[in-house]
Amino acid sequence: MTSSRLRAALITVVTWVLVLMFFFPVAWMVFTAFKPEHQAATSPPTFAPDLTLDRFGAVFDRDMMPYLINSFSASLGSTLLVLALAIPAAYALSIRPVTNVRDALFFFISTRFMPVAASIIPVYLLLQSVGGLDNITWLTVLYVGVNLPIAVWMMRSFLAEVPREVIEAAQLDGARLGTEIFRVVLPIVLPGVAAAGLICFIFAWNEFFLANLLTAQVARPTPPFLTSFVDGRGQFLAVLSAAATVAIVPVVLAGWIAQKQLVRGLAMGAIK
Amino acid sequence: MTALMTSPTRRRPSGAAPAGDSGRRGRLAVSRALLWPALATSIVLTQIPFLLTIYYSLQSWNMLRPGDRGFAGLDNYADVLRDGSFLSSLGATVAVTGSAVVASTLLGMLFAVLLDRRFVGRGVARTLMITPFLVMPAAAALIWKWSILDAATGMANWGLGLVGLPPVAWNTELPMLTIILVLTWQYTPFVMLILLAGLQAQDKDVLEAAAVDGAGALRTFGEITLPHLRQYVEIAVLLASIMLLQVFDPIAIMTRGTGGTKTLSYLLYERAFVGLEVGEAAAYGVMTVLVTIVVASVALRTLFKVFSKEGIDR
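Listed in order, the protein sequences are those of chains A and X. The first sequence maps to residues 1 to 272 in the working numbering. The second sequence maps to residues 273 to 586 in the working numbering.
Worth flagging that the hints you see were computed from the coordinates, not collected in a lab. Be aware that one or more of the hints could be misleading.
[Said to hold, decoys possible] Derived CB-CB ranges, DEER-like:
1) A:E161 / X:L382: 29 to 35 Å
2) A:V14 / X:L437: 19 to 25 Å
3) X:F343 / A:R233: 36 to 42 Å
4) X:L382 / A:Q259: 17 to 23 Å
5) A:R233 / X:F545: 53 to 59 Å
6) X:N334 / A:G234: 37 to 43 Å
7) A:F72 / X:L353: 43 to 49 Å
Keep in mind that this is a model prediction, so the values were computed, not measured. All C-beta atoms, glycine included, are put in the ideal place defined by N, C-alpha and C.
Starting from the given sequences, assemble the full structure and let the hints guide the process.
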């Protein structure tokens with residue numbers, strides 16, 4: 001008995017050591033953000049620095065706010081648009097089946113598998129010709145294209161879980177389509193909508209390739225802005241860490257708080 | 273990427289619809305109307321640009337010489353294949369994707385098994401473990417490069433020093449390993465989540481029965497849990513492969529394609545937006561799509577298998 005208890009305790013210790021090792025880069029980044037610049041990149045590392053908020057001040061002195069706002073509007077805007085398109089589509093695919101469910105589903109998911117390489121050159125040239133570069137609206141539209149397939153897939157599987165009887169009862173009552181969707185079905189799948197929305201928001205918030213290529217100054221979101229903190233002349237690690245911390249906090253906190261939904265969304269089919 | 277939804281959607285035979293034939297046709301029209309906006313958006317934003325890419329790939333077109341544009345047939349493809357960059361990038365892509373997928377899968381499996389047990393602080397441990405997946409990849413790449421793996425002041429080298437090993441110039445000496453390391457760190461939680469869901473879906477009675485019959489933990493894992501997890505592993509591997517094939521951020525930020533890390537997506541970026549060779553870059557784009565299709569078709573076949581099992585075919 002005691003030997004198996006001991007073994008269990010040992011496995012727990014090993015688990016925690018591994019988990020903390022995995023989490024270490026994030027923890028170290030946040031810690032570094034609270035250091036003064038001269039104690040950030042030292043050899044050996046400084047474990048007992050003079051903690052300060054100074055570097056966060058420096059981040060906002062460098063005018064990070066507009067970049068965060070750009071990220072926020074592109075992420076929120078694209079997420080709302082994606083949900084507005086994906087919920088009806090997923091509804092059609094799961095509750096009111098169209099003839100070629102599988103073809104439509106495969107089409108959506110195959111667009112997600114298509115590398116951005118397939119479309120980036122014409123997209124860039126088209127945007128250039130209509131003056132759409134460095135424009136947050138166009139970036140938002142492109143994020144809709146990126147996230148739509150994911151949202152359709154997730155929503156479809158959440159909707160498929162709605163008991164048929166509930167919908168049939170509503171239909172027998174002569175409920176109109178709008179009532180059927182908004183009053184009967186949507187309240188049941190609201191957690192699913194939240195999960196899909198959160199995942200789309202996270203992907204848009206973290207996206208780098210399009211953001212870097214298609215924006216310059218006005219519409220630049222946070223990810224490419226972060227790279228500007230790397231400074232060839234002086235020390236920059238503390239201010240870079242502070243900027244990176246600010247950049248990841250909204251999404252990491254949201255992911256932690258909505259963890260259950262997130263995990264369910266990501267591993268949906270696996271659970272079912 | 274979250275394409276693992278396989279909830280059973282059992283349908284009534286279509287004749288059971290409350291209304292008659294005309295009612296069914298009406299409902300079909302409604303369904304089409306609901307589906308159409310999303311379908312059209314997807315086609316406009318992804319398919320039409322791809323057709324244009326194919327069209328551009330057949331032209332000789334450099335943005336620096338706008339006057340010289342003209343039909344070039346398959347010249348660009350010949351150039352792509354003749355130029356060694358494509359093959360070496362293909363190799364880099366396969367190496368990076370393959371290693372990161374294998375490493376993430378093994379680590380993801382380990383963490384899934386460890387975090388499936390009951391232990392003190394399991395909830396917190398799971399929360400910490402999903403974090404790398406939430407962290408902005410650009411931020412992760414910057415922090416790994418300048419904070420963890422920096423040759424002079426990085427924590428990794430400090431750790432090596434503690435055990436008496438010499439420092440390593442990660443980014444310049446081992447660029448490939450550096451990229452794979454960061455990608456593995458980001459994708460392990462993703463694989464873990466899927467496998468953890470698989471473990472939780474396991475029939476507990478079977479496990480108990482195995483324990484009663486005196487099967488050891490390892491044997492139970494090998495003979496019951498692993499076969500059960502197979503389907504989850506397949507899906508995780510395929511989804512991770514498809515996402516990793518397109519990876520760009522850490523390469524752009526950490527190595528800029530040096531030291532054999534120039535993957536296809538980075539090569540295309542360089543040709544198109546640094547070299548301004550539209551036609552040639554478009555040919556690279558088409559070739560990249562072909563490579564991805566090989567992987568994606570395998571992925572779709574697996575998903576299809578899952579589908580038919582779950583009865584989506586009506």
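Taking the hints in turn, this is what the structure says about them:
The given range of 29 to 35 Å is respected by E161 (chain A) and L382 (chain X), whose C-beta atoms sit roughly 31 Å from each other. Roughly 22 Å separates the CB atoms of V14 (chain A) and L437 (chain X), a value that falls within the hinted 19 to 25 Å. A hinted range of 36 to 42 Å is violated for the C-beta pair F343 (chain X) and R233 (chain A), which are about 49 Å apart. At roughly 21 Å, the beta carbons of L382 (chain X) and Q259 (chain A) sit within the given window of 17 to 23 Å.
A hinted range of 53 to 59 Å for the beta carbons of R233 (chain A) and F545 (chain X) is inconsistent with their spacing of about 27 Å. Between N334 (chain X) and G234 (chain A) the beta carbon distance is about 39 Å. The supplied range of 37 to 43 Å therefore holds. Hint check: F72 (chain A) to L353 (chain X), Cβ distance near 44 Å, so the stated range 43 to 49 Å holds.
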